[in-house]
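Now for the letters of each chain:
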Amino acid sequence: MKHLDDHRLIELARGEGTGAEREHLRSCRRCREAAQEWTRWLAGMAAVEGEALTDADRHNLRTLFSVLGPKRRKGLVARLMRPARELATAVRGAATARIDEYEAGAYRLAVEVRPAAGGRFDLHLAVLAPGGEDVTGSRIVLRSPEVPGLILRLDGSGEAHAAGLEPGRYEVACWLPGGRVELPTVEVGGTDEP
Amino acid sequence: MATRDWESVNRRDRKVVAGCLSGDEAAWMELWERYGPMVKAVARRAGCTADEADDVLQRVALVALEGLGGLRDPGRLAGWLAGVARFQALALVRERRRSSELDPAMPAPPERLHERLEAEQELAILRKAMLALDERCRRIVRALYLDDPPASYRDVAEREGLSATSIGPIRGRCLARLKKAIVELSRSVSPGH
Numbered sequence: 009m010k011h012l013d014d015h016r017l018i019e020l021a022r023g024e025g026t027g028a029e030r031e032h033l034r035s036c037r038r039c040r041e042a043a044q045e046w047t048r049w050l051a052g053m054a055a056v057e058g059e060a061l062t063d064a065d066r067h068n069l070r071t072l073f074s075v076l077g078p079k080r081r082k083g084l085v086a087r088l089m090r091p092a093r094e095l096a097t098a099v100r101g102a103a104t105a106r107i108d109e110y111e112a113g114a115y116r117l118a119v120e121v122r123p124a125a126g127g128r129f130d131l132h133l134a135v136l137a138p139g140g141e142d143v144t145g146s147r148i149v150l151r152s153p154e155v156p157g158l159i160l161r162l163d164g165s166g167e168a169h170a171a172g173l174e175p176g177r178y179e180v181a182c183w184l185p186g187g188r189v190e191l192p193t194v195e196v197g198g199t200d201e202p
Numbered sequence: 077m078a079t080r081d082w083e084s085v086n087r088r089d090r091k092v093v094a095g096c097l098s099g100d101e102a103a104w105m106e107l108w109e110r111y112g113p114m115v116k117a118v119a120r121r122a123g124c125t126a127d128e129a130d131d132v133l134q135r136v137a138l139v140a141l142e143g144l145g146g147l148r149d150p151g152r153l154a155g156w157l158a159g160v161a162r163f164q165a166l167a168l169v170r171e172r173r174r175s176s177e178l179d180p181a182m183p184a185p186p187e188r189l190h191e192r193l194e195a196e197q198e199l200a201i202l203r204k205a206m207l208a209l210d211e212r213c214r215r216i217v218r219a220l221y222l223d224d225p226p227a228s229y230r231d232v233a234e235r236e237g238l239s240a241t242s243i244g245p246i247r248g249r250c251l252a253r254l255k256k257a258i259v260e261l262s263r264s265v266s267p268g269h
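Sequence order for the protein chains is A and B. To convert, count from 1 in the first sequence and add 8; that's the working numbering. To convert, count from 1 in the second sequence and add 76; that's the working numbering.
No lab work stands behind these hints: they were computed from the structure. Fair warning: this is a prediction, and the values are worked out from it, not measured in the lab. Here a beta-carbon is modelled for each residue, glycine too, at the ideal position from N, C-alpha and C.
Here are the computed distance ranges between Cβ atoms for each label pair:
| hint | chain 1 | residue 1 | chain 2 | residue 2 | range |
| --- | --- | --- | --- | --- | --- |
| 1 | A | HIS15 | B | GLY99 | 42 to 50 Å |
| 2 | B | ILE246 | A | GLY113 | 57 to 65 Å |
| 3 | A | ASP13 | B | GLU101 | 42 to 50 Å |
| 4 | B | ARG215 | A | ARG177 | 47 to 55 Å |
| 5 | B | GLY146 | A | GLU45 | 28 to 36 Å |
| 6 | A | GLY172 | B | PRO226 | 40 to 48 Å |
| 7 | A | ALA125 | B | ASP231 | 48 to 56 Å |
| 8 | B | SER262 | A | GLY113 | 52 to 60 Å |
| 9 | B | GLY143 | A | GLY27 | 49 to 57 Å |
| 10 | A | GLU41 | B | GLY146 | 37 to 45 Å |
| 11 | B | ALA252 | A | GLY127 | 52 to 60 Å |
| 12 | A | GLY27 | B | ARG172 | 45 to 53 Å |
| 13 | B | ARG215 | A | GLY27 | 31 to 39 Å |
| 14 | B | GLU211 | A | GLY145 | 32 to 40 Å |
Residues on chain A that point at chain B, a partial pick, calculated with CB under 8 Å:
| hint | residue |
| --- | --- |
| 15 | TRP49 |
| 16 | LEU50 |
| 17 | GLY52 |
| 18 | LEU69 |
| 19 | GLY77 |
| 20 | GLY157 |
| 21 | ILE159 |
To list a few chain B residues with every Cβ distance to chain A over 12 Å, as calculated:
| hint | residue |
| --- | --- |
| 22 | GLU83 |
| 23 | ARG148 |
| 24 | GLY159 |
| 25 | ASP210 |
| 26 | ASP231 |
| 27 | ARG235 |
With these hints in hand, go ahead and build the complete structure from the sequences.
Here is the structure:
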């Protein structure tokens, strides 16, 4: 019997094919290896084809590019309004939570960093828009050398939360209706500086 | 020498990378239409859930924003993205395991590192090989061999406006081109090439 063509090999790998073809496959190493290869290739291609981008993915990717891409719009750098307020808490040795308040154009922002379990920290960010702009769904991007990128969305109350952050220095950029707002580096844990 | 199908994929990748670096959003979105599904597939194979795979896509995109400019050969974009995806996916799986009790329902990553590396690079090759096919070939291969359940010849012929008897030869040519692209791409990324 002649060697089997690619289509027949794929059909056989799927459990189809004639008795003679199956017999050939058993006795022909070349065809058997080719059938195994096609099985692996098609499984890989099916895995990729089965992972289409969603509209949410596309929206997030566009946002990232507009916020951090080469032509990103120049944004406002938020100004620290009030020194951090230390709040008495005691979670696993981490003494306090802290809240920093910032001003950026018409916006007011508050960032609370609170100790969490396992030496990690929770970060809560609130945006107040005195002009009444709806900030629901606005994107916040957090980055540190350890965290390549974490995207949060403001909820209906203008708040976003990131749980279980590693201690470190975080860059925080907010993409608000009026434009991009960058916060000065946010210290998450590991510092006693005001 | 005739141009190989996959070389046109490399050329396109280079244009897409150049477009991204110049701030062209359309090029940026094309990059992810081409390789976003592969990034997610690599993440799933590394043990990520569907939600985590979405997160990996965003992490890889952030790395790409900073790393595309340093890519020595943009023709190797797919393999680079697959490698970054694997790294980010494994980091995410580690974070999940650290932060919570291991959920037995969560998929476990494959055990052997070299197998993971090979699998991830193979996904990059397979994605490029699919992109090397023309649209009709891609649709036919997808319908006959990747969809579950596979489409019948009659359905494919109807969709493509072809006679049922012509599907066989076209299918054969598509498979041959796909195989050639996979084999040549595998050689092009093998050590020492």
